[in-house]
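Undergrad: Can you build the whole structure from these sequences, using the hints too?
Chains as they are written, first to last, in this note's numbering: chain A, 10 to 229; chain B, -18 to 221.
No lab work stands behind these hints: they were computed from the structure. If a hint is listed, it holds; no wrong ones were tucked in.
Computed beta-carbon distance windows for the label pairs:
no. : chain 1 : residue 1 : chain 2 : residue 2 : range
1   : A       : G99       : B       : D197      : 51 to 61 Å
2   : A       : N113      : B       : C85       : 27 to 37 Å
3   : B       : E(-14)    : A       : V188      : 19 to 29 Å
4   : A       : R124      : B       : P191      : 44 to 54 Å
Anything over 12 Å on all C-beta distances counts as not near chain B; from chain A, calculated:
no. : residue
5   : V44
6   : G99
7   : Q102
8   : L116
9   : T117
10  : Q122
11  : K123
12  : A161
13  : A182
14  : C186
Beta carbons: idealized from backbone N, C-alpha and C, even for Gly.
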Amino acid sequence: MPTIARAVTDDLPGPRTLAPAAALTAAVTDDSALVAACQRGERRAMEALYHQYKRRVFGLCHRIVGPSDAEEVAQDVFVRVFRGLGNFRGDSQLGTWVYRLAVNAALTHLGKQKRRGEVSDDELEQVAAPPTAVRDPRLSARVEAALRRLPAGYRAILVLHDIEGLSHEECAAILDCRVGTCKSQLHKARAKMRELLGPALAAERGLAPAGRDTDEEAAR
Amino acid sequence: MTCREAQARLTAYLDGELDGSTASAIRGHLRVCDDCRHAAEDHAAIRDSLAGLARPEPPPAIWDGVMAKLGEAEIADSRRSRWSRLLHRLRPHLLPASLAVGACAAAAVIVHVRQDEPRRAAPQAVAPIDPAERGATDLVPPPAPPPIPPVTRDATIELAAETERIDARYREVAADLLGQAREQLGEKSAARRRFDREVAGLERAVLAAPAGKARDRAWHALITFLERAAIGELVAQVRR
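TA: Shown next, in the form of structure tokens:
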């Protein structure tokens, strides 16, 4: 450990300063009226609910099951939503409930795939990454690839907390676990990501070159 | 602060969940520890990269697919029998309901087991048996039935009645044998007193045994003893 302290002005990594990308509470305007209309089978209300949640549901499915099955799983999620709305009593927020159905559907789909031996990490990694909007596109592509190599549980917590920007309390409600478990899973998931991204992160820090082949991989 | 402590709190620090003094201690540690600072930078880069990933655009066909699947599901509903539809509608409530039924069953078993316990303690509760004062027909007074809680009344009434019938048959046989044995032994003798003490011990065993196999075994022990006494096999031994 070096003994020379860094200057106070040095740029240390710090807490997140941006507002969460999509807090559930901010998205909800009048869920109860929307739910009541959907329960009556009003087509326009169903369409409104679909448009309210389609990006989040599809994004979550895309990250957890991969792009090839995301559409099918997202459809299943909305079918479950509309058929299950009759039993929705408003004990949780509508957004939390929809997310929970989506995570369960995605993890169930992955479980079925795994049992059938259909899932392949290499195959997933070769799929083109969706457009990204961050500082270093190469790192983002690697982050996408590393995300797909994570165990499904770690992927789910990273998607909910870091990508969707939900709080630990919301994640815990969706994943049906305690807040402490949620935090510990997030810590382990980020540590695993760091392990998978080692050279790329070192390059990001400017300590070591990422290497030609990793650049080529990122370009894919 | 050690590296281990700092790294364990890294996620909480980066997510702004630590109090001011702990966050300050972390920052202080990061200033002097390259390894932990690199870890923090990596975690922050991962967090920021993930937060910056664009949400993929859902294809427009999803809505049509949802509507088609909903239509298929409704057609399937129309082909289901009335019972199947009812089952499907009740499915969300079935697990809680089955858990409630299970809990009631468990409570009934516990109540039933507990109501047997006073019978085991009965020898202390009933009046002490004095063989000298007892006649030939007062063999083994029936145990007082414990109060039956309303919840388990139907099942336990039937069980108690059956136990009562079995005990009555044993008691009848034992009383008959006891009379014959006492005739063999006479009224006042050391052998008669030993015999009565032995019978009293076996009777207490009957009273202490819970209904079922244990009480059957106790009755068998008493009746076997009385049978041997009644036919005179035991009389000679007792007299000796």
